[in-house]
Amino acid sequence: MRLPITAHTSRPWRIHEIAGDFHVEDVWELPTPGGPDDLALLVDQFANGEGDPVPSLLGRALFALRWKLGALFGWDKPADGLGGRVPTLRDRLPADLREGPTGPDLASVPFTSVYLTHDEWAAETANKTMHGVMHISWVPDGTGGYRGQMAVLVKPNGRLGSLYMLGIKPFRYLGVYPALIRSIGRQWREGASARRAGAA
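So in my numbering, spot 35 of the sequence shown is number 35, and the numbers just go up one at a time.
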């Protein structure tokens, strides 16, 4: 379920002080019901790369096209990534976050962890078109429980980046995010079942 931008901006996340010059592109509710301390389980699920991170045929086709275009136009050269065209957001962290846990990098997609707290985790990626942040938070669900929430923050690289983000927007909504969120929910349910079986 897509949420209004205010579902992210109205909460006192630490990411606001670190990535205030980024645009909040999307906010999504994640089907991951749990308790108040379960963000670590969700982060572990992302880090382990269980399942296909792009589970739909359309989503895989779109990503394959994206990588081919990136190779053709030189969008994904290391010099245009983190530590090249843009410095990592870890350079902006206040002392308490810099000294705290970083969180895991992702093996299946090119995201590097920025920081991890009890209720939020941020990971970043960059290429010639943009500098992006995936922000995963853990929020009350209004019924006494908690769930995950994903926000996507973007800093386009000039006109090219703005046109790129505009061009891929309908494909993200139709082919990528819905399938990705269903996959996150399915993996969460499977993990919850395994944890219950292990505790029995």
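Each hint should be verified, as a subset may be incorrect.
[As the list claims (entries may be wrong)] No more than 27 Å apart at the CA atoms, straight line, and that leaves these computed lysine-lysine pairs for BS3-like:
hint	residue 1	residue 2
1	Lys155	Lys169
2	Lys77	Lys169
3	Lys77	Lys155
4	Lys169	Lys128
These are computed hints drawn from the structure, not numbers from a lab.
Going down the list of hints, with the structure as the test:
Simply put, Lys155 and Lys169 have alpha-carbon atoms about 15 Å apart, close enough for the 27 Å limit, and the pair holds. Only pairs whose Cα atoms come within 27 Å are accepted, and Lys77 paired with Lys169 is accepted, the gap being roughly 23 Å. Between Lys77 and Lys155 the alpha-carbon distance is near 18 Å, which keeps this suggested pair within the 27 Å criterion. A threshold of 27 Å between alpha carbons decides the hint, and for Lys169 with Lys128 the separation of about 17 Å falls inside it, so the pair holds.
Checked against the numbered hints listed earlier, the structure breaks none of them; every hint is satisfied.
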